[in-house]
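Residue numbers (numbering that gives the first Met the number 0), protein chains in the order written: chain A, 0 to 243; chain B, 0 to 243.
None of these hints come from the bench; they were simulated from the model. Honestly, I wouldn't trust all of these hints.
[What the hints assert, rightly or not] Calculated pairs, PhoX-like style, for lysine-lysine (alpha carbon to alpha carbon, straight line, at most 25 Å): (1) B:LYS90 - A:LYS6; (2) B:LYS91 - A:LYS91; (3) A:LYS90 - B:LYS64; (4) B:LYS91 - A:LYS90; (5) A:LYS64 - A:LYS6; (6) B:LYS6 - B:LYS64; (7) B:LYS6 - B:LYS62; (8) B:LYS90 - A:LYS90; (9) B:LYS90 - A:LYS91; (10) A:LYS6 - A:LYS62.
[Said to hold, decoys possible] A few chain B residues that face chain A, going by a derived Cβ cut-off under 7 Å, partial list only: (11) VAL57; (12) LYS100; (13) GLY139; (14) GLY196; (15) PRO200; (16) THR215; (17) GLY218; (18) VAL229; (19) ALA230; (20) LEU234; (21) SER237; (22) TRP239; (23) ASP241.
[Stated by the list, open to error] Just some of the chain A residues that point at chain B, by a computed CB distance under 8 Å: (24) LYS100; (25) PHE116; (26) GLY139; (27) ALA140; (28) GLN204; (29) LEU206; (30) MET209; (31) MET213; (32) LEU217; (33) LEU222; (34) ARG223; (35) ALA230; (36) ASP241.
Just so it is clear, CB atoms sit at the ideal spot from N, CA and C, and this is done for glycine as well.
Protein chains: 2
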Amino acid sequence: MAGKRAKVRLFVDAELGPGQAVPLSRDAAHYLFGVMRLEADDLVALFNGRDGEWTARVVSVGKRKGILVCVQQSAPQTLPPDLWLVFAPVKKARTDFIVEKATEMGVRRILPVQTRFTNSDRFRVERQQAHAIEAAEQCGATHAPTIEPLQPLDRLLGDWPAGRRLLFCDEALAGTSATPKDASDAQQWAILIGPEGGFSPDERQSLRQMPDVMTTSLGPRILRADTAAVAALALWQSRWGDWR
Amino acid sequence: MAGKRAKVRLFVDAELGPGQAVPLSRDAAHYLFGVMRLEADDLVALFNGRDGEWTARVVSVGKRKGILVCVQQSAPQTLPPDLWLVFAPVKKARTDFIVEKATEMGVRRILPVQTRFTNSDRFRVERQQAHAIEAAEQCGATHAPTIEPLQPLDRLLGDWPAGRRLLFCDEALAGTSATPKDASDAQQWAILIGPEGGFSPDERQSLRQMPDVMTTSLGPRILRADTAAVAALALWQSRWGDWR
Chain A
0 MAGKRAKVRL FVDAELGPGQ AVPLSRDAAH YLFGVMRLEA DDLVALFNGR DGEWTARVVS
60 VGKRKGILVC VQQSAPQTLP PDLWLVFAPV KKARTDFIVE KATEMGVRRI LPVQTRFTNS
120 DRFRVERQQA HAIEAAEQCG ATHAPTIEPL QPLDRLLGDW PAGRRLLFCD EALAGTSATP
180 KDASDAQQWA ILIGPEGGFS PDERQSLRQM PDVMTTSLGP RILRADTAAV AALALWQSRW
240 GDWR
Chain B
0 MAGKRAKVRL FVDAELGPGQ AVPLSRDAAH YLFGVMRLEA DDLVALFNGR DGEWTARVVS
60 VGKRKGILVC VQQSAPQTLP PDLWLVFAPV KKARTDFIVE KATEMGVRRI LPVQTRFTNS
120 DRFRVERQQA HAIEAAEQCG ATHAPTIEPL QPLDRLLGDW PAGRRLLFCD EALAGTSATP
180 KDASDAQQWA ILIGPEGGFS PDERQSLRQM PDVMTTSLGP RILRADTAAV AALALWQSRW
240 GDWR
């Protein structure tokens, strides 16, 4: 292996471990051999969200199939903090962007919600799951967030797990100086980003009545939903997450 | 004016003040009357980066021209903190995104630089200036950042103004816990985001030798340049900027 490095990083849905053989899906084989032009003996970095990152060697090349064998672990399994991102889907390109960015910034679950003023009712779970996996492959994470189906905000809040803090980024606070000063030792968190039309008065009231909610402002300018998501994740990670 | 609100927010390059007439450019007239279908007596919110935001009334409608008259000031002039964003252009969509996001997050100047491993040498200043103005119109700012032409990083660093702090987001620190702990009363700042290929060893050395540089990590995952820009701006604004 001297001098050789894995040129491709790939998420797989298979066990990884010493000497473990990894059969490739049709799509993965097409990507590795058709698109990236890998050959036998080339190295690939694999992760599955459980076993860390493994360097694996190509042992069998086919048009729609192939086999890799794990050589050695190249990074331990790490998980992002137990943080969820809850957001109202926006236009397709900006929703894609939010999923990609949340993966890079480090979240465990992404939960799209329908709100009173949600800009879009379309959210394709499988497509977005693939998008999150691609972002994880790119950013060196050994874990990709789980993408949940679209659900009504009031149902999610009604079933809210006890003890999970909710950081509510309230665009109605733009221009005020409210910041989340309440240092907390909570281990479970979620960040809620509203739709571009804002929350309705009764949604805002339900949120403010929740026991574990904290409200924050994201500065004096009105941020688009995708900007707000990245900004809130950066603040959270630097205050309470794995950027400390 | 009772009950009427400005439906459109527009940046203009004209004086704004009580009773001031504002002649529209060809493009602005087309946008207001052709696209947004405004008519005489409709209200528009105007800003020029100097005189705050003014509510103005349409007094003359033409195909390629028109006149508004300022009615009253609706917001005072505010400037974002004296912060520059210095970044290496990436693919077009992501460069557009960086300019849009930097405007929303609040910067005074945007300075694209060519580095050893810059991914793109194309940067269209006029197009990006228009893009920043559009973002300012959207986000309620009364100021749009100035977009500078592409210049070599070493020239910018060679002429670096004394006393302006440079926050250097070093992707080589990903996975370490370096954070900018040095609380500072500096009033002038810049944030530097590297190209996706990273900085070269000699670029990194020049940067580290600058008197006013501070280095920071943006967490354990590798962020794309556009994600890094928004994340760094959020951290800066919440620590030293106008989100405090």
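25 Å Cα cutoff - pair LYS64 of chain A, LYS6 of chain A: holds, 19 Å
Interface hint outcome for GLY218 of chain B [beta carbon to chain A under 7 Å]: holds, 4 Å
Hint check, LEU217 of chain A versus chain B [nearest Cβ-Cβ separation less than 8 Å]: holds, 7 Å
Restraint satisfaction for GLN204 of chain A [CB to CB of chain B, less than 8 Å]: Not OK, violated: GLN204 of chain A not within 8 Å of chain B, min 25 Å.
Restraint outcome when ARG223 of chain A is required to lie within 8 Å of chain B by C-beta distance: At 7 Å from the nearest chain B Cβ, ARG223 of chain A passes the 8 Å test, so the hint holds.
Per-residue hint verdict: LYS100 of chain B, partner chain A, C-beta under 7 Å: holds, 5 Å
Restraint satisfaction for VAL229 of chain B [CB to CB of chain A, less than 7 Å]: holds, 4 Å
Status of the MET213 of chain A interface restraint (C-beta, 8 Å, chain B): violated, 15 Å
Satisfaction of the PHE116 of chain A interface hint, Cβ to chain B closer than 8 Å: violated, 17 Å
Satisfaction of hint between LYS62 of chain A and LYS6 of chain A, Cα-Cα up to 25 Å: The hint holds at about 19 Å.
Satisfaction of the ALA230 of chain B interface hint, Cβ to chain A closer than 7 Å: holds, 4 Å
Interface hint compliance - TRP239 of chain B to chain A, C-beta minimum distance less than 7 Å: violated, 12 Å
Comparing the model with each earlier hint shows violations of hints 3, 11, 14, 15, 16, 22, 25, 28, 29, 30 and 31; every other hint is respected.
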